[in-house]
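Enquirer: Each chain is listed here by its residues.
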Amino acid sequence: MSASGPFQDKPKIRADALSVARGGRVLFESLSFAAEPGAYIEIRGGNGAGKTTLLRTLAGYLKPRGGQIVFENAEEPSLALHFVGHQNGLKPTLSVASHLRYWAGLFGGAINAGVAAEKLGLSALLERAARTLSQGQARRLSLSRLVLAPRPIWLLDEPAAALDANGKAMLATIIDAHRAEGGLVLAAVHEPLGPTPSQTLTVGV
Amino acid sequence: MSALVATFRRDLALMWGGGGGALAPLGFFLGATMLVPLAMGPERNLLAAAGPPLVWIAAALAVLATLERLFQADLEDGSLDHMLLSPEPLELIVLAKGAALWVAVGLPLALASAPAAIALQAPPELVPAIVLSLLLGMAAFIGIGLVGAAVTAGVKRGGVLIALIVLPFFAPPIIFGSAVAGGEHVGAALSVLAGFALAALALGPIAAAAALRLQAE
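Protein chains in written order, with my numbering: chain A, 1 to 205; chain B, 1 to 217.
Same shape as in the complex, but just chain B:
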């Protein structure tokens, strides 16, 4: 078993086993999107016009909550020291941790966006595109989030700091994701999202690994 598979499996077990760390963002996402129709009142047209893009806001905030402990725990308990002695480069180990986060949190959240979008009066024919856009969007959020999590790994209660660092970079995926949810230029917006996700996954681990090497000092 290679170092990357081992890292992926361990992080998945940590997120889904025991503490239930992966269920909290899912619960937050569903709770937040289910409250919107209640808050906006019974006006169906208003909800249909303004509602669907809100899945993107809820998804961005839900994934943000998972980032704080992503590397902080490894720094505190000494696991980061071990990762630096692996034959695999730290960049790829970081990517494996991001992949585990995508499977444990991003994937369920994107699937949960189907009922959430319907509750927000999205046209049913648009729902598959919204799910697909969130699958890509979660990859982009996680690629960016890796950097924020690595930079703040040594900061106690760094959650607010992470939000300040990564939220500006969340803007492009949210802009194009909301376009998909609103039914405008769906194909083009999905292409841009895919490009953004690839860029974030390529560059994020490099920046995150550089930050983590400094944290190990």
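Excised from the complex, chain A in its bound form:
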């Protein structure tokens, strides 16, 4: 993938001898990798192997037990990344449009709510309250953050969960577009998402 695009300082991530623990139990040790702009890294491993913990550690929510994570060309890593976890972060009584408005304000930066809604097939659902969305629609709304406020690093935890074939295709499209712009994507997956990974990381024993 080309590394040219709108993300001017094209952050890279490097992990050196990373080890993480959860609840006192070591999940994996001495994991090293480097992610370049345009990279798409699939993280694989069984249930409980530490995929989510790895992503939450990279996002800065958890402290690694050992080793280090280096963000190059990103002064404040938490402002250069998006984290899409298992929970969608939706409020049942608020509409799709009000979620988009809230995230646009919360994440700051360039905002394209209309584009985000369109790319994830939400345009017809804007006035619907989040509690009336299906699981797949709620997941699409959660993924719309990625397009809504452009940030170079995407950390995705099983992003295709609950998505139909159409939703998976949309996800693959935005991932490809993001890589073409020099962004980088790390996704924990059980099934391939579609785009060809530049690297596969296997965590756990």
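These are computed hints drawn from the structure, not numbers from a lab.
Model, not experiment: these values are computed from the prediction.
A few of these clues could be false.
[Said to hold, decoys possible] Simulated pairs of lysine to any residue, SDA-like, Cα-Cα distance not exceeding 20 Å: (1) A:LYS63 to B:LEU75; (2) A:LYS63 to B:GLN215; (3) A:LYS63 to A:ARG14; (4) A:LYS63 to B:ALA211; (5) A:LYS63 to B:GLY78; (6) A:LYS63 to B:GLY154; (7) A:LYS63 to B:LYS156; (8) A:LYS63 to B:LEU84; (9) A:LYS63 to B:GLU217; (10) A:LYS63 to B:LEU214; (11) A:LYS63 to B:LEU90; (12) B:LYS156 to A:GLN87; (13) A:LYS63 to B:ALA210; (14) A:LYS10 to B:PRO87; (15) A:LYS63 to B:ARG213; (16) B:LYS156 to A:GLY23; (17) A:LYS63 to A:GLY108; (18) A:LYS63 to B:ALA216.
Chain B: place on chain A using the hints.
Expert: The following block gives chain B in isolation, referenced to the frame of chain A:
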């Protein structure tokens, strides 16, 4: 729209829209204060002497009920993860949530204290001071309450725990607020309340944000 305005608007919409979360504490406050004259009987002098400070007790308990879900919902549904990725510091986002709570719950409750105080036989000339004291007192309660809500965000049914944590810190505003309601040293008591509210709003969000960062782990 900045992150703080967005947070404020979202929390206000959550409290006033749909579930009606802001009406319950108001109903509790009015119900509790209206029952006092019934319980104390028809002795007007007794009520005039003991009644007015009770608006403060009712107000403290009413705001307590709103604290349990303040951060717990954000922790459970993943919203807290998003707040940590905002360009605005978590301390200010927490303050914006507190401000929304003050507007949605504190403000109506302070205004409702006017009829409540009259029902409790407060002298009419004292009513504006009581309303003003509760406007300040609600800010103090919320500043303190943010910390209790953040510390217990990960605890299921943490309501009782929140009460144990914050009620001791509610004591100073209640002492000076009751002085206002009782008509003693009104000006001085209001100044102390204002100082306490400012301190709680300055320090509460810092402590609450620190607790929330631990909750995100």
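Enquirer: Does ARG213 of chain B sit within 20 Å of LYS63 of chain A, going by the straight-line distance between their CA atoms?
Expert: 11 Å, holds
Enquirer: Are the Cα atoms of LYS63 of chain A and GLU217 of chain B separated by 20 Å or less?
Expert: With Cα atoms ~8 Å apart, LYS63 of chain A and GLU217 of chain B stay inside 20 Å; holds.
Enquirer: Measure nothing beyond the straight line between the CA atoms of LYS63 of chain A and LYS156 of chain B; if it is 20 Å or shorter, mark the hint as holding.
Expert: 25 Å, violated
Enquirer: Check whether the Cα positions of LYS63 of chain A and LEU90 of chain B lie no farther apart than 20 Å.
Expert: 18 Å, holds
Enquirer: For the pair supplied as a hint, LYS63 of chain A and GLY78 of chain B, confirm whether the alpha-carbon distance does not exceed 20 Å.
Expert: Holds - the C-alpha atoms of GLY78 of chain B and LYS63 of chain A are around 18 Å apart, at most 20 Å.
Enquirer: With a cut-off of 20 Å on the C-alpha distance, tell me whether LYS63 of chain A and GLY154 of chain B pass.
Expert: Roughly 19 Å separates the two Cα atoms, so the pair holds.
Enquirer: Holds or violated: LYS10 of chain A with PRO87 of chain B, Cα cutoff 20 Å?
Expert: 19 Å, holds
Enquirer: Next pair to validate is LYS63 of chain A with GLN215 of chain B; report whether the Cα-Cα distance is within 20 Å.
Expert: 13 Å, holds
Enquirer: Is the Cα-Cα distance between LYS63 of chain A and ALA216 of chain B 20 Å or less?
Expert: Status holds; Cα separation ~11 Å.
Enquirer: Does ALA210 of chain B sit within 20 Å of LYS63 of chain A, going by the straight-line distance between their CA atoms?
Expert: 15 Å, holds
Enquirer: Between the alpha carbons of LYS156 of chain B and GLY23 of chain A, is the straight-line distance 20 Å or under?
Expert: 19 Å, holds
Enquirer: What's the verdict on LYS63 of chain A and ALA211 of chain B, does the C-alpha distance respect the 20 Å limit or exceed it?
Expert: Roughly 15 Å separates the two Cα atoms, so the pair holds.
Violation of the numbered hints given earlier is confined to hints 7 and 17; the remaining hints are satisfied by the structure.
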